[in-house]
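Residue numbers (my numbering), protein chains in the order written: chain A, 1 to 345; chain B, 1 to 345.
Hints listed in this document are in silico derivations from the structure and should not be mistaken for laboratory results. Possibly wrong hints are sitting among the right ones.
Derived EDC-like pairs: lysine to aspartate or glutamate, alpha-carbon spacing no greater than 20 Å straight-line [unchecked claim]:
(1) B:K144 x B:D99
(2) A:K59 x B:D60
(3) A:K59 x B:D45
(4) B:K333 x B:D259
Some chain B residues well away from chain A (every beta-carbon gap over 10 Å; in silico) [to be verified]:
(5) I91
(6) D99
(7) G198
(8) R228
(9) E240
Source: prediction; values computed, not measured. No residue lacks a Cβ here, since even glycine has one placed at the ideal position from N, Cα and C.
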Amino acid sequence: MKVLVVNNAAPFQRGGAEELADHLVRRLNATPGVQSELVRVPFTWEPAERLIEEMLISKGMRLYNVDRVIGLKFPAYLIPHHEKVLWLLHQFRQAYDLSEAGQSHLDFDETGRTVKAAIKAADNDCFAQCRKIWCNSPVTQSRLMKFNGVASEVLYPPLNDGELFTGGEYGDYVFAGGRVAAGKRQHLLIEALALLPGSLRLVIAGPPENQVYADRLTRLVEDLDLKDRVDLRFGFHPREDIARWANGALVCAYLPFDEDSVGYVTMEAFAAGKAVLTVTDSGGLLEIVSADTGAVAEPTPQALAQALERLTSDKARAISLGAAARDLWRDKNVTWEATVRRLLD
Amino acid sequence: MRIVLLSSIVPFINGGARFIVEWLEEKLVEAGHQVERFYLPFTDDPNEILHQIAAWRLIDLTQWCDRVICFRPPAYVVDHPNKVLWFIHHIRTFYDLWDTPYRGMPDDAHHRAIRDNLRALDTRAIAESRAVFTNSQVVADRLKTFNGLDATPLYPPVYQPERFIHTGYGDEIVAISRLEPHKRQALMIEAMQYVKTGVKLRLAGTASSPDYGRQLLKMVDDLGLRDRVILEDRWISEDEKAHMLKEALAVAYLPKDEDSYGYPSLEGAHARKAIVTTTDSGGVLELVEHGRNGLISEPDPRALAEQFDRLHADKRGVAEMGTASLNRLAEMKIDWSTVVDRLTA
Numbered sequence: 001m002k003v004l005v006v007n008n009a010a011p012f013q014r015g016g017a018e019e020l021a022d023h024l025v026r027r028l029n030a031t032p033g034v035q036s037e038l039v040r041v042p043f044t045w046e047p048a049e050r051l052i053e054e055m056l057i058s059k060g061m062r063l064y065n066v067d068r069v070i071g072l073k074f075p076a077y078l079i080p081h082h083e084k085v086l087w088l089l090h091q092f093r094q095a096y097d098l099s100e101a102g103q104s105h106l107d108f109d110e111t112g113r114t115v116k117a118a119i120k121a122a123d124n125d126c127f128a129q130c131r132k133i134w135c136n137s138p139v140t141q142s143r144l145m146k147f148n149g150v151a152s153e154v155l156y157p158p159l160n161d162g163e164l165f166t167g168g169e170y171g172d173y174v175f176a177g178g179r180v181a182a183g184k185r186q187h188l189l190i191e192a193l194a195l196l197p198g199s200l201r202l203v204i205a206g207p208p209e210n211q212v213y214a215d216r217l218t219r220l221v222e223d224l225d226l227k228d229r230v231d232l233r234f235g236f237h238p239r240e241d242i243a244r245w246a247n248g249a250l251v252c253a254y255l256p257f258d259e260d261s262v263g264y265v266t267m268e269a270f271a272a273g274k275a276v277l278t279v280t281d282s283g284g285l286l287e288i289v290s291a292d293t294g295a296v297a298e299p300t301p302q303a304l305a306q307a308l309e310r311l312t313s314d315k316a317r318a319i320s321l322g323a324a325a326r327d328l329w330r331d332k333n334v335t336w337e338a339t340v341r342r343l344l345d
Numbered sequence: 001m002r003i004v005l006l007s008s009i010v011p012f013i014n015g016g017a018r019f020i021v022e023w024l025e026e027k028l029v030e031a032g033h034q035v036e037r038f039y040l041p042f043t044d045d046p047n048e049i050l051h052q053i054a055a056w057r058l059i060d061l062t063q064w065c066d067r068v069i070c071f072r073p074p075a076y077v078v079d080h081p082n083k084v085l086w087f088i089h090h091i092r093t094f095y096d097l098w099d100t101p102y103r104g105m106p107d108d109a110h111h112r113a114i115r116d117n118l119r120a121l122d123t124r125a126i127a128e129s130r131a132v133f134t135n136s137q138v139v140a141d142r143l144k145t146f147n148g149l150d151a152t153p154l155y156p157p158v159y160q161p162e163r164f165i166h167t168g169y170g171d172e173i174v175a176i177s178r179l180e181p182h183k184r185q186a187l188m189i190e191a192m193q194y195v196k197t198g199v200k201l202r203l204a205g206t207a208s209s210p211d212y213g214r215q216l217l218k219m220v221d222d223l224g225l226r227d228r229v230i231l232e233d234r235w236i237s238e239d240e241k242a243h244m245l246k247e248a249l250a251v252a253y254l255p256k257d258e259d260s261y262g263y264p265s266l267e268g269a270h271a272r273k274a275i276v277t278t279t280d281s282g283g284v285l286e287l288v289e290h291g292r293n294g295l296i297s298e299p300d301p302r303a304l305a306e307q308f309d310r311l312h313a314d315k316r317g318v319a320e321m322g323t324a325s326l327n328r329l330a331e332m333k334i335d336w337s338t339v340v341d342r343l344t345a
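Isolated chain A, as found in the complex (with noise of 0.2 Å):
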């Protein structure tokens, strides 16, 4: 079977959904029987009326020796195909929920009404004539029920390097790895650390989104005091290093805003058997964190300290919460094995 991925791309930028596409590609192409490449139409979002030459440019592809699409985000999705399934990451937020929560560069004007109106139109058309649909996570797929009112299933991004998160000794620090963005709200944990006495260590580790955010973390742990017990990684990480962070760990912790999915870094927490804190808005983590496998705490300083330290104080406790936690991901069954034979399915 050929099959063919289908991805968006921002021309030299490069994030987590093109690590997923280039490993699905991988995963597919280690199945008996199966071929498969990467197809990357270049994505231009601004001005608004471009939207529609960017939709037109997918739908106007025509594809010929190719048994199976798998599309996995907008607009590159639209390319036709009798045989395409979605494994939609996301849809174009800003048509939809960003819409809606009034962060949309498509609500300034009646164009910009227009072209989201488009792209609903062109998405529902899409939808109907896909074989299957899947979602990377339930928060995307609520959302493509209430906005579009498709029904699909999830299927979770498996991590591309499980193995490597062996989990290993419950240690002094918790771990906090992934981007570090005021959106992953970073000086939360800081500021926490700080009301909490005692020894307990944290690691920030993972590559600042601008050096202003990364400034403001170096000098609040200065003006903490916190320097003996706070640990800045700022850069990208080879991912043995990031692994050994996180199997060394008592906990993990990974505070993002409204995230789409549960998140790497709660995947990679959970497959090294480690409790995860998170906060009460921190959206697709909530399906997974929970008082029986970490904590989910309000997004202030006072309440994550005093979360951090019931998951912390007692050492079994935080051992017993990540094994829960190891239990439940293994019980989701989130491999590649699993994921690949669904999408050909």
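Chain B: place on chain A using the hints.
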């Protein structure tokens, strides 16, 4: 500079048209450029081509990069103020093959309208380019004839030419390429009936069909040439290729009317071998000068046999022509630094 490489593909079909893009990508990166490569699907079904090209025409890469280098049709229709073409071929059925048995569609009003539209839009889009290079003089001439546009040949080098070395001149004339009718291995086999010296012929490569491979083998047997002709119908690795060439007497490459000089000729030249070709081989004649760096024969078995004998009888001449063959590459500036310089100028 930020450079986008754009070409069209048929998914799951690999070949020379992709290699040239990927080799260039490597060389541009080595030269310090940021490079992003996009392959988009395209089918040349006459009734599908115009609206597909309309979709490609909507692609606007202006904000993403400093330059776009375009390869296969219809990549050159994209919008960018600095697009440079390395034009490999037209959609030939609508151009030079129109008045041949290879047109593959009726010569009626409908298809003529498609043809004329295609030619007009090609002319217009190609004329927008900052520079137009072709892979051969033959293709440059065609652009002049059909589109009235001037273009400069920019000869594609082989990948890692340093692999090809020279250790001496043995008895074998070596021809490594796909075994297929228009590459005329059959003509070479027929010629071997008439040779009078101890010259041998080695034909190596994958047959276009198993049937054709068997047919050639049978021909060798039927003509009683097994002691003089070695035929290997299989994939030849790059290492094996270099090994076969290093002791060769000369190389032979005599396709019927090909656009470009062909990689087999270049590989031979890098291994310091004279190149045997024929008067109707097209682009190869841009490279080979009779008696200087090779021999040009009539496409006739007896005439070809004479040239084979001439090479075998004159080892000193072979050495001189072999050296001239290598020098000819420098004279024509067939090297990657020339390619990179011109495409980024």
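These are the hints, each one checked on the structure:
no.: 1; hint: B:K144 x B:D99; in the structure: holds (18 Å)
no.: 2; hint: A:K59 x B:D60; in the structure: holds (16 Å)
no.: 3; hint: A:K59 x B:D45; in the structure: holds (17 Å)
no.: 4; hint: B:K333 x B:D259; in the structure: holds (18 Å)
no.: 5; hint: I91; in the structure: holds (14 Å)
no.: 6; hint: D99; in the structure: holds (26 Å)
no.: 7; hint: G198; in the structure: holds (47 Å)
no.: 8; hint: R228; in the structure: holds (41 Å)
no.: 9; hint: E240; in the structure: holds (26 Å)
Hint violations for this structure: none, all hints satisfied.
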